[in-house]
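If you follow the hints, you should be able to join the two separate chains into one complex; please do so.
As given, the protein sequences belong to chains H and W, one line each in that order.
Residue numbering for the first sequence is 1 to 349, as defined by our numbering.
Residue numbering for the second sequence is 1 to 314, as defined by our numbering.
Accuracy of the hints is not assured; some may be wrong.
A partial selection of chain H residues facing chain W, derived with a Cβ cut-off under 8 Å [unchecked claim]:
#1 W84
#2 I86
#3 H293
#4 I324
#5 D326
Some chain H residues well away from chain W (every beta-carbon gap over 12 Å; in silico) [unchecked claim]:
#6 R5
#7 A12
#8 P134
#9 E185
Taking CB as the label site, the calculated pair distances span [unchecked claim]:
#10 W:D133 - H:L132: 29 to 39 Å
#11 W:F169 - H:G166: 47 to 57 Å
#12 H:L56 - W:H185: 56 to 66 Å
It is worth saying that the hints were derived from the structure and are not from the lab.
All values derive from a computational prediction rather than experimental measurement.
Beta carbons: idealized from backbone N, C-alpha and C, even for Gly.
Here is what each chain is made of, one letter per residue.
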Amino acid sequence: MRLERRAHRPLALVLLAPVIAVGAALAISGILIALAGAPVFEAYRQILIGAFGSRLAITETLTRTTPLILTGLAAAVAFRARLWNIGAEGQFFVGAIAVAAFGAGFASHWPAWALIPSLLVAGAIAGMLLLLVPLMLRLRFGVDEVVTTLLLNFVAVLFVSMMIEGPLRDPLAFGWPQSVPVPEEGELPRLVERSRLHVGLLIAVVIGFVIHLAQSRTVFGLKSKAVGLNPKAAVFAGVPLATTLVGVACLSGGLAGLAGAIEVMGVKGYVTTDLSPGYGYAGIIVAMLANLHPVGVIAAALFAAAMFVGADGMSRAIGIPSYIADVTVALSLLTMLVALFFTQYRIRR
Amino acid sequence: MIELIEIFGTAGLWAAVLRIATPLIFGTLGALLCERAGVLNLGIEGIMTFGAMIGWLAVFNGADLWTGILVAALSGAMFGLLHAIMTVPLGLSQHVTGLGITLFAASLSYFIFRLTVPLAATPPTITPFQPLDIPFLSDLPFIGAALANQTAPTYLAIATAGLLAYILFRTPLGLAIRMTGENPHAAEAQGVNPVAVRIGCIMAGSALMAVGGAFLTLSAFNSFFPTMVQGRGWVCIALVVFASWRPGRALLGALLFALFDAYQLRLQTVVGRAIPYQLFLMVPYVLSILALVVMARRARVPQALMQPFRRGER
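Bound-form chain W, shown alone (with noise of 0.2 Å):
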């Protein structure tokens, strides 16, 4: 029982918690931004995969990293544009037309990737990010050592959680976007133009999920292989709700559920084998839906939600 309590007691822990909680704060952030401006994008697990593979290879093909990221960032926000161009003008189903970009862009990373990197047995590798030794931070004592030694893309991550914070409740962009959210026509009676600012929004969301997945093939691990992205996309679209649509929550909920994930990572090696592994890979997502029950009553959504605006209809 001591053990059990012990795995906190490491920093082992806590910087884990850090680093498998990046790709999610990126992702759930995506997805918040989209859904504040009323459409939910269900795109994100396959945008999440085309950020991965797409980031990856620019880096093996000699690119740098943040050359790497920024390639990810604007293959997202190409899809994020193929999502609005369908969902705003359009007003198709958020929900199918989401699920088709899912399986298009999974599809089409691994067709590319297949097509640029022969089958080989050991997969080839790139140089990913390195810690950085942050002077000041790794003094502080406890959380110093879990928050100093992450790579770059973890403090992005953070720093955006703020920004988008700050973004959407402290400027007039902010109002915007969270008035045609929530009612865009009268939005648009106050001079907003909620296609302009849905589009937007899907664009900008999808770039950082796919950041999020580049983190995962230029920080987390080295190399790019199919469904590496195991449905972390899911699991930010059940973060939103979580979060109730707030930037600070999403940030706490990713790094909340990152904790349960390191934690369930480390039993394991504690347990060992005397309840199956599956069990342990299941928390993530039974925790996710267990967030969603918690919360479905809970939760502001944000009123326009998956409603379709067309000028003059209503």
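Only chain H is shown next, with the shape it has when bound in the complex (with noise of 0.2 Å):
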């Protein structure tokens, strides 16, 4: 038996690899389940009612696709052009501490329509300056900005834990370590009345539709392709490596910079340490599960928050741990790269 490189790679395996992929990531989670004892396809079902079974948990389940629409994405565009940006989650916190700053700043009696752009705003370019440090350690230096994006997260959870102990605590707070509320100007229009859902989701689906236009379409897509195909053949077809990858980075760790604000501005009202349960990380699987196409991560982000959200409905009616849910997004990601290096090669005796 050995493996052989296919001369094409067949389109219909390439949309099946995530379908097959999540089947088997939930059916070796299907064993856990059946080891803690407990009925599989029960829980499966309670995964779904507690995700799509009712008007709450719909929007509930939207509401946790919004961060990870957009973390997806941070993470999609740069690993496109092989920058491993892993840092979405300081990101994350940064573009969140960001809006906290702003809006209880000069921006506080702003009316609405400049205060929402400039919110966001600030929150992007957050998210920006956190990625291009790593950025300028990897191109002045030659430091692997794996590790280095990875640290940073620690660096940025830390500074947002020390500004909302410090200069943005909330004194109203009941000595609880959060920051200063937004203003009222500055949250999301809700979607849908009586819920959590707010035009959040509809700023990162709009996004990611924008980002797959402008990386099919554009100059700059095209670059970003060929810097992550072959940085070498690139640069000698006259593609400026540095220049490429900057442009990438302040548009991956934007959007994870994005996705912070956007929580902030439409659920929480302020930032809280425990404001992202992993939304960085989880954006990593999403893009693998994409393949890395924006509007693809959209349905693979809806996926990890039915997931998630699910879980915890499946948790309070069959008792089991709704870490289920990180066990199974986890081991996608790991199916999906085996399922992907399946559209490349067979098995040939």
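So this is what it looks like as structure tokens:
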């Protein structure tokens, strides 16, 4: 038995890969649920009910989808150019704290039409700046950005913690470490009444399609792809490596920062250190499940969000820890890698 | 000002250095072994978390402490095998596979822990490793107090560094490992099987990482809680670069790093609330980044690091 490279990558197989990957991940998690002594199909039925079973469930799932689309896009655009931005978690947090700082600071009395866009931009710029640091270290000193972006995640969360216990502390929060609230004019309008779903979802979806167009129709899209496929060849063909990577980093970090900003302005209203249950890391999985396709990211984010929200409901119903959702989603990254491999290779005797 | 220097005179500081360094030594040696064979193992953070959880759980359920360490090592080797299958025969992206293993191993740890240990206000505890009283060591001036009275796994960590250095640079096996990391095609021409070497190294390296995690729950603390690894795995990855892929320097790097960490912990109590404590907590991560910046250009990277080996393909 040996592996042989396929002459063509069958399109049907590429499109099927995420379906097979998710199916395999669900099957392996099913074994874990069975080992835990719970009925497998009932557990998955409960997850489905928890994610889509009611109006509240659907709006909660979509609310959770929003940050995952943006962090997923952040990872997808970076990975496409082989910029290993694993720092979306940190960029998410600095984006969030920038909103709190800007909103409480000199912009606090601005009307909504001026405040909302400037807060979104502030969050995006904060995320951008945080990613430019490791990129500069890579371009200037040749430091691998994987480890530096990972390490900066911890620095960013500590920085946020310092801010919400220091200068940005909410004095009315009874001693809880949380930031001053975003002014009311800065809150994102609801999409559905009596739910937490806000216009952030529309923003995220539109950005997904815009990035798809930008990647397939613009020079920047082509350059960032070329840099990812073969940096040496790209440079030889006249693509400026550093400038292209800076552009990609601004986009990627900006998206992750925007995710944090939107989460604060749309859902929570203030910043705490548990604002993100790992949206930055989950974004990597979302991007890989989508095979780095921006529109695919939207679907993959919906899957991950449905797992997370559904597992909470399932956990209340049959007592299996909701961590099973994290296990399934992480597994789907590994199974997706294998599935993608078999779109390129086949087994020959 | 005098107080800041006086901290160095306390034996407590130096004892803490070895204690803080131990998980880093295990983790760094594990990552180093993988990278010497040409594979970057970013599964480290999750594997350390799983080792911490499963080692603790074994002891909590009645196993003795060394069995706990062994269980952790075996679990690490299993995650290593998974990583190896994906990155060696299949040649998948080592970055993404490693991150996937980290996310999978960490979430699986939390799942198993929550399933077997119900939520309680105070986390359940075990009796951890006790400090050994080694007669001759404690008589040494100055360093004696620090070197003696450590728990057994700390001595094991130091011995492992020596053993790994010996294996890598003094045995045929070590030569095969280093050749595989530098040029797997040349290694194959010499009759070495690069695939087998890489799989073996990733499994052994991952076992060391898991033991480093188990030290946290079986010696440094006595209970398990999520996020307790706190980026130590990523610090280890940075330390491997800092150590230029040499076990002796990895030991030194981990000790130096732990010295800074132990010092900042004591500095916090001296400085008090004048400086936000978060700034001190940032120190380990910022130091790791600085270590990477300083060493990135100077370090001699194994030439085939992160390059998948496929027979007949170059």
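Results for each hint:
1. W84: 6 Å, holds
2. I86: Holds: closest Cβ of chain W sits about 7 Å from H:I86, inside 8 Å.
3. H293: 16 Å, violated
4. I324: 6 Å, holds
5. D326: 3 Å, holds
6. R5: The claim breaks: H:R5 does not keep its Cβ more than 12 Å from every Cβ of chain W (closest is about 9 Å).
7. A12: Given a closest Cβ separation of 21 Å, the condition holds.
8. P134: 8 Å, violated
9. E185: 31 Å, holds
10. W:D133 - H:L132: 29 to 39 Å: 53 Å, violated
11. W:F169 - H:G166: 47 to 57 Å: 50 Å, holds
12. H:L56 - W:H185: 56 to 66 Å: Since the Cβ atoms of H:L56 and W:H185 sit about 59 Å apart, the hinted range of 56 to 66 Å holds.
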